[in-house]
Structure formats: C-alpha cells, structure tokens
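*Asks:* For what it's worth, our numbering labels the leading residue of the sequence shown as 1, then goes sequentially.
Calculated directly from the structure, the hints in this document are not laboratory data. Watch out, some of these pointers could steer you wrong.
[As the list claims (entries may be wrong)] Below are the BS3-like pairs computed for lysine-lysine, each with C-alpha atoms no more than 25 angstroms apart in a straight line:
#1 Lys91 with Lys111
#2 Lys69 with Lys91
#3 Lys111 with Lys3
#4 Lys111 with Lys69
#5 Lys3 with Lys69
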Amino acid sequence: MAKHILIVDDTYDILYLMRMMLEEHHHQVSVLDVGAPVVEFVRVNRPDLIILDLRLTDISGITVLRELKADPDTSSVPVIAYTASMGDADKVTALITGDPERYGDTRVLRKPFAIDELLNIVA
1 MAKHILIVDD TYDILYLMRM MLEEHHHQVS VLDVGAPVVE FVRVNRPDLI ILDLRLTDIS
61 GITVLRELKA DPDTSSVPVI AYTASMGDAD KVTALITGDP ERYGDTRVLR KPFAIDELLN
121 IVA
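Hey, can you work out the whole structure from these sequences and the hints?
*Replies:* Right, here's the structure in full:
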C-alpha cells in the first residue's frame, strides 16, 4: 500500500536516492533538508512515516525525534531514524527501551544499510 513518507536529511544525494527508490515503489515522498520545520510540516501534512537522519546541520535529529513524540499532533507518526554514529544509535535505542509507549514505533537503522532493509520496514 502506498504511503506518504517524509525524508529528512541534509545530504542532497541521499535525499535524491531515497526519494527515487521510494517513488519507484509507488510512495508519495516529501523531503526536508533541515530539521527545524519537521514538527510543523508533520502537523500540516500528516505523513504516514518519517525517515529521519540523526545528524542534521541545523538541529539534532534526536531533538527532532523527541519533539515529534512529545507533541500529541505528531506522536503517532512512526519514525525510522538512521545514523552512522554508534553513539546516536545507542541514544535512540535507549529512548525506545526507556519509554516504549512513546517511542515504540521508532526503528533505528545504522548506516550503511541495505535498501531492501529500508523497504522491508517501510512496507
């Protein structure tokens, strides 16, 4: 089933490749290259899923994740958080295990990851 997916990453090549791959699988894709407007974008556009880089230039992806999950208007949107940083991955895993009611629909992917792995989670 096609989903509306928001990708948040400050690297153009990653945005382009993910968008192309997800659109080939018939998903509607929106992109943001900064984290600050994510919560408002999600409130207005109600994507089915957010794919969030944890290392953004303007704000930490972990901060964005916390803001999303603290806001009643955005907390129900599942998030796939990805990073090359073991420390960031561990921080998000700790959020998930520490508060599964709030973060239970959050998944963590370590870069590099296989595209098939992402597609399986999106499906």
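*Asks:* Look at each hint and say if it fits the structure.
*Replies:* Tested hints:
Using a Cα cut-off of 25 angstroms, the hinted pair lysine 91 and lysine 111 holds, with the two alpha carbons roughly 15 angstroms apart. This hinted pair checks out: lysine 69 and lysine 91 have alpha carbons roughly 15 angstroms apart, not beyond 25 angstroms. Between lysine 111 and lysine 3 the CA atoms are separated by roughly 23 angstroms; this keeps the pair inside 25 angstroms, and the hint holds. Distance check on the hinted pair: lysine 111 and lysine 69 sit about 23 angstroms apart at the alpha-carbon level, within 25 angstroms; holds.
The straight-line distance between the Cα atoms of lysine 3 and lysine 69 is roughly 20 angstroms, inside the 25 angstroms bound, and the hint therefore holds.
Going through the hint list in order, the structure satisfies each hint without exception.
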